[in-house]
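With the sequences and hints as input, model every part of the structure.
In the order they appear, the protein sequences are chains A and B.
FYI, the numbering for the first sequence is 33 to 239, going by this note's numbering.
FYI, the numbering for the second sequence is 33 to 239, going by this note's numbering.
Calculated from the structure, these hints are not laboratory results.
Treat the hints with care, as some may be off.
If chains are identical, the list can't say which one is meant, so a pair holds when it fits in one copy or spans any two.
Here are the simulated lysine-lysine pairs, DSSO-like style, with alpha carbons at most 27 Å apart [unchecked claim]:
#, residue 1, residue 2
1, K179, K152
2, K179, K123
3, K97, K123
4, K97, K179
5, K152, K97
6, K151, K97
7, K152, K123
8, K97, K219
Number of protein chains: 2
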Amino acid sequence: MPDYKLHCFAESGNAYKAALMLELTGQDWQPVFVDFFNGQTRGQEWRDAVNEQGEVPVLEHAGQKLTQSALILEYLAERTGQFGPRDDAEKREIWRWMLFDNHKFTSYYAALRFLLCLKKTGETDVTGFLRERATAAYRIVDAHLAKTPFMVGGRLTIADLSLAGYVFMPEDTGIVLTEFSHIEAWKQRIQVLQGWKHPYELMPRTA
Amino acid sequence: MPDYKLHCFAESGNAYKAALMLELTGQDWQPVFVDFFNGQTRGQEWRDAVNEQGEVPVLEHAGQKLTQSALILEYLAERTGQFGPRDDAEKREIWRWMLFDNHKFTSYYAALRFLLCLKKTGETDVTGFLRERATAAYRIVDAHLAKTPFMVGGRLTIADLSLAGYVFMPEDTGIVLTEFSHIEAWKQRIQVLQGWKHPYELMPRTA
Chain A
33 MPDYKLHCFA ESGNAYKAAL MLELTGQDWQ PVFVDFFNGQ TRGQEWRDAV NEQGEVPVLE
93 HAGQKLTQSA LILEYLAERT GQFGPRDDAE KREIWRWMLF DNHKFTSYYA ALRFLLCLKK
153 TGETDVTGFL RERATAAYRI VDAHLAKTPF MVGGRLTIAD LSLAGYVFMP EDTGIVLTEF
213 SHIEAWKQRI QVLQGWKHPY ELMPRTA
Chain B
33 MPDYKLHCFA ESGNAYKAAL MLELTGQDWQ PVFVDFFNGQ TRGQEWRDAV NEQGEVPVLE
93 HAGQKLTQSA LILEYLAERT GQFGPRDDAE KREIWRWMLF DNHKFTSYYA ALRFLLCLKK
153 TGETDVTGFL RERATAAYRI VDAHLAKTPF MVGGRLTIAD LSLAGYVFMP EDTGIVLTEF
213 SHIEAWKQRI QVLQGWKHPY ELMPRTA
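Structure follows, in C-alpha cells:
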C-alpha cells in the first residue's frame, strides 16, 4: 500500500503540480486514474465520494482526502520539509503567487489549452479571449522571473511547482513562448532537477 | 492616520472582500482609489510602486503591502481574531473554498460581469462561455450551501467573505440567480450582519 494516492489524469496540469511534488520529494505514491474526459468528475457519485468541487487533484493520505493543488503542495511541503517557506514573509510570497496562479496564470492557460488542443474547437472568439488573458498573466510572471531564478527566495519552492502545472504540456496553444525568455529559462532550471518527469510520464493518460 | 489603507475601487468585488472584512471587524481604515478603468493598474509605475501583479486589492498596514484577497482576509482574521478557522481542519476547509473562489466562482463571474455589464460588449460567444463556467461554479457552491448556513463551521468565516465578493453587485449578468436558492438565502444571512454594507457604499466609484 503506497503512502499517498493521487486522483489524477495525465492531461491535468493541476494534478501534475501535486504529482511532481510527490516525485521530487521522493514519496511512495500511486496515481488513481480519473476519467475526466468521459465525465467522471461531473457525476454526482464521484462528487459525493471524492470531491464535491468536481476537480482533480485529490490526495489521499492517512485517512484524509485533500483537494486544491495549492493546499496539497503546502501539506506536502510541511510533511516532507522540502520546497516550503523559510519564514512568514516567504510563506506570504509563496501563497500570493499560488493564488495568482489559480486565478490567472494556470486558469486561463488551462482553459485555452482545453478548448483549442483537447476539445479542438478551432480558433474562436473564446480562444482569442483566453489567449489574451493568459498572455497578460505570462507577462507578469516573466517580468518577475527577470529578477530571480525561482519565484520566491532564490530556490525552488511550491510557488514554482504551482505555476509549472501547464508549462510543460506539449500542445500548441498559439502563445509564442519564445517571447517569454525568463519563463523559458526557468522551465529549463526545473527540468534538470533530480527526479523531474514530464506530466505524461507521471500519470495515466486517457485512452 | 487610519490603521489600514486599502487600494481599491467600488466596482471590484475582489477589493470588496477586503473592504467588507475591515468593516465587519470594525477596523479604522481608508480607501485609496485606484483608477482601474483608465488603466492605472496596467501602468509600470503603479506596478513597481504598489503591486507587480497589477491587481487590487492591496492592503497597507504597519509598513507592509499585502496583496491577494484571500491572503488579506487571512491576515485580518489572524489580527482581529474574527471570522478565522478554529482549528487546522477548518483552516483547510476555508482555504479550499477560497481557492475554488479564486479559480472558478469569482473569476468567471467577474470576467462575465466586466465584459457584459461594464465594458458592454453585448452578448457574445465569450460571455456565453463565461456564463456557462460561472454557472457551473454557482451550482457547486449552491449544493454546498444546501447543507449548511455558511460555507465552513456553521458560522460566517472568511471563506464566505471571499465567495461573496461579487454576489451583491447589482449588474445583470444573465445568470438566473433565483435558480440558486441556497446562495440567495446565504446572501440574505450576510446582508443582515451588523455593519454590512454594499460595495458601492464602501469604496469610491469611478466617475
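Hint by hint, work out which the structure violates, then give me just those numbers in ascending order. Numbers 1, 5, 6, 7, 8 - these are the hints that the structure violates, sorted from lowest upward.
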